[in-house]
Amino acid sequence: MKMKQLYKYLFAAILILQLVACNNNTDAEQLFNETPTTRLNQQKTELNDALLSSQYGWKAVYFTDNTVLGGYTHLFRFAQDGTVQMASDFDADTATYKSEYAIQVGSTVSLTFTTKNRIHLLSDSNSYPIPALEAEGYLGDFQFLYYGQENDEIIFRTNRNNRELRFVKATAEDWADLPKNLVMEQNVIGGQERPLFRLLETNDGTAVHKFDFSFTPATRFANSNSIESGYSVSYDMGIGYTPTGIVVSPAVEVGGQQLTDFTYNDADGSFTATGTNGVSAVIKYTDKPLVLTDDYKFLLPAQPASWFGFFVDDYTIDSPANSPLFYAELEKVNAALPAGQRIATIEIYGNQGIGTLIYYSFIGRGPIQHRVTVEEDAVGKKIILKHKSWGTSTTAATPAFLASIDKYFMDPEGIYVKAESFRLFYSDPVYTFTSASSPFRMTTWKLQ
Amino acid sequence: MKLLKYNKIAVLALVSITLISCGSDDLPGESQLDFTQPTKTSLDNWIDATYLSPYNINVQYKWNQNTVDNSRFLFPPEVDKVKPALEIVQTIWLKSYAAIGGPDFVKKIAPREIVLIGGVNLNSVGTRTLGLAEGGQRVTLFETDYIDKTDRANVSEFIHTIQHEYIHILNQNKPFDEKTWKTLTPGGYTADWYNYEIPESNELGFITSYARSNINEDFAETASMILIYSKAEYADFLAGIQSPFALQALKAKEAIVVKYFKEAFNMDFYALRDEAEKNTTSVLN
Chain A
2 MKMKQLYKYL FAAILILQLV ACNNNTDAEQ LFNETPTTRL NQQKTELNDA LLSSQYGWKA
62 VYFTDNTVLG GYTHLFRFAQ DGTVQMASDF DADTATYKSE YAIQVGSTVS LTFTTKNRIH
122 LLSDSNSYPI PALEAEGYLG DFQFLYYGQE NDEIIFRTNR NNRELRFVKA TAEDWADLPK
182 NLVMEQNVIG GQERPLFRLL ETNDGTAVHK FDFSFTPATR FANSNSIESG YSVSYDMGIG
242 YTPTGIVVSP AVEVGGQQLT DFTYNDADGS FTATGTNGVS AVIKYTDKPL VLTDDYKFLL
302 PAQPASWFGF FVDDYTIDSP ANSPLFYAEL EKVNAALPAG QRIATIEIYG NQGIGTLIYY
362 SFIGRGPIQH RVTVEEDAVG KKIILKHKSW GTSTTAATPA FLASIDKYFM DPEGIYVKAE
422 SFRLFYSDPV YTFTSASSPF RMTTWKLQ
Chain B
21 MKLLKYNKIA VLALVSITLI SCGSDDLPGE SQLDFTQPTK TSLDNWIDAT YLSPYNINVQ
81 YKWNQNTVDN SRFLFPPEVD KVKPALEIVQ TIWLKSYAAI GGPDFVKKIA PREIVLIGGV
141 NLNSVGTRTL GLAEGGQRVT LFETDYIDKT DRANVSEFIH TIQHEYIHIL NQNKPFDEKT
201 WKTLTPGGYT ADWYNYEIPE SNELGFITSY ARSNINEDFA ETASMILIYS KAEYADFLAG
261 IQSPFALQAL KAKEAIVVKY FKEAFNMDFY ALRDEAEKNT TSVLN
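Heads up: the sequence lines are chains A and B, in that order.
Each residue of the first sequence is one higher than the one before, counting from 2 in our numbering.
Each residue of the second sequence is one higher than the one before, counting from 21 in our numbering.
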């Protein structure tokens, strides 16, 4: 009987099983019509077809990390046989090189540059632009996860740090003009003849804001902070070079618009990005400091005695604040001196017993004093030095070898004096003297 | 009883229906996976003939994220540098072991995969990782792009890496006498070994500063350094040691290495060193 019952249950169970076994109706929603493998294969084909579809290949301005580094332009031309031709503006070598690529499946379908080429220069632990990036190179990746296509662009995300990277269709000009990116780099760095002060000026259609602007060539990165009190906005941006200007990331947001493409104007060295409704951002030069200080007042008549010194054989020579023009003028002095003689110091003594003077000293010859009078430009916040005498003689002519450098100190427009926040090895305060009408700047210690 | 009998038949019938009822579903078609072999270059063919066929060692020089530490900033080697690097490895390492350990020695105990990396694997403390041995199976060699076959110091450093990593592979197969080793220079091991000059470490009984990181590295460094020294160079090295304690420790470590090779693999360690020296010279010329 027991056995019989068991069979009954078994019978019922198998019957139920039969009735439901082949029921195809699962209530779960079918998200995809294809199996995962089919879909991965489709994606692989889709990506490979896209890579091969563009006649002149693809262009990517790769911002590896736009919080510390700028953009590096790469051009790729993919071929059916698994090879890729590549060029980059990472350094002066913009030639095209051939290597291999592969479409690999990992967490998703990805494009990987499997043998060495230019893009790997961004991922060399032993080649890093600043000490903070030691062992991390330029934070670059060369495996890009495929995220689809949009407006003729291929969207990738980098494998290591998941940043978006877009490939746009390249043109014949892109390949021909790549070396121009490095010419543009020099314009971003700024030539010797350009003024020493630079700013970013934004216009949201109604209000204009000003920001200081400093660019670090090694990282292709710029810092820009508001100079207006009570308006603490910063724009820090990575910069990529183009033949006609720069492209920045993150975008400069002005009046709700994202500005990324700046056009270079060689006439004044400015870079301009224009939006709509009067919105714009301009990176440009200015002859005068963005923030004027009262530091010049030390040298005004009736102040206590002061002493500022620049020394060729000491840390002042390495100051980042010295301008190229200043170094060039030092060289000019040495070139004009007889063999065995060279300039050693330039010191400014203020309000001494004999007045105010510029004191030039040399190796191989005696020092020369240029006695001056000091006038204040209270509006422009600068001092204007005027010739009184060379030494004690009011009739002595300007020594020929000093004529060139000395005229910057005698700038009729005046001299800006600024207490810098940095120190040069010693604890003495650092002051800079900048000619108001030319890119001439000297760094000194304030010694008294 | 009769009913039970029918029941049995009915159950059997139902079971078989259940088992075959879904049999009309789609049969699996062709595989969806792509099995096409990549086109082989002459370099790939050379690798197959030199490493894969004779030794069953796979050489990977193209990038594969699964064999590399993703947190490091590394890149694949220049293709032109792959063959010179592998030739050095073949001549100095494979041939030397084959000559002394017998032709089948490396075939039995070898890394199954050699991964070549182009650049320097720089650590945040400023040291460089030259090689890695993992699980007795895989050896990763860095700085392949920097190989210069005309420079003995350069070749020595590269071969030091593979010798060192292979000692790890051997240890991962047969352990050495760790108990005795531990007692020789117990106080000298330190995590910040890179802060010490090599001569300073020598005077504490270590053949290099890296040997001070732990006893496994100490063993691998001791064995691999003796292998890349010539007999005369090693004698000079020992003669230069001032501390009697250090000299004794170095000699005791050498003895354990020699004993390990004899007992574990029946190999004459000194003959292996001489063979490696001979092959190093032949690579350089």
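Simulated from the structure, these hints should not be mistaken for laboratory data.
From the three backbone atoms N, C-alpha and C, an ideal C-beta is built for every residue, glycine too.
Keep in mind that a hint or two might mislead.
As the list claims (entries may be wrong) - With a Cα cut of at most 16 Å, we get these calculated EDC-like pairs of lysine to aspartate or glutamate: (1) Lys60/B to Asp178/A; (2) Lys45/A to Asp54/B; (3) Lys169/B to Asp100/B; (4) Lys60/A to Asp205/A; (5) Lys408/A to Asp319/A; (6) Lys99/A to Asp100/B; (7) Lys194/B to Glu283/B; (8) Lys99/A to Glu98/B.
Unchecked claim - Here are a few chain B residues that face chain A, going by a calculated C-beta distance under 10 Å: (9) Asp54; (10) Gln57; (11) Lys82; (12) Leu142; (13) Asn143; (14) Arg148.
- Close enough to count: is the Cβ of arginine 148/B nearer than 10 Å to one in chain A? holds (8 Å)
- Task: Starting from lysine 169/B, check that the Cα of aspartate 100/B is at most 16 Å away, please.
- Result: Holds, at about 13 Å.
- Sort out whether aspartate 205/A lies within 16 Å of lysine 60/A, counting only the CA atoms. violated (31 Å)
- Message: Can you confirm whether the C-alpha distance between lysine 60/B and aspartate 178/A stays at or below 16 Å?
- Response: violated (35 Å)
- Message: Please verify whether lysine 45/A and aspartate 54/B have alpha carbons no more than 16 Å apart.
- Response: This hinted pair holds, its Cα atoms lying about 11 Å apart.
- Query: Holds or violated: glutamine 57/B as interface residue toward chain A, Cβ cutoff 10 Å?
  - Reply: violated (12 Å)
- Would you check the hint for lysine 194/B and glutamate 283/B, treating anything up to 16 Å between C-alpha atoms as holding? Given pair lysine 194/B, glutamate 283/B holds - Cα atoms ~10 Å apart, limit 16 Å.
- Query: Given leucine 142/B as an interface hint, is the shortest Cβ-Cβ distance to chain A below 10 Å?
  - Reply: holds (4 Å)
- Message: So if I understand the rule, the pair passes when the alpha-carbon distance is 16 Å or less; does lysine 99/A with aspartate 100/B pass?
- Response: This hinted pair holds, its Cα atoms lying about 13 Å apart.
- Query: How about aspartate 54/B: closest beta carbon in chain A under 10 Å, or not?
  - Reply: holds (7 Å)
- Straight-line alpha-carbon gap lysine 408/A to aspartate 319/A, limit 16 Å: Given pair lysine 408/A, aspartate 319/A is violated - Cα atoms ~23 Å apart, limit 16 Å.
- Query: Should the interface hint for lysine 82/B be scored as holding, given a Cβ-Cβ cut-off of 10 Å against chain A?
  - Reply: Constraint on lysine 82/B satisfied, holds at 4 Å.
This entry does not satisfy hints 1, 4, 5, 10, going by the numbered hints stated previously.
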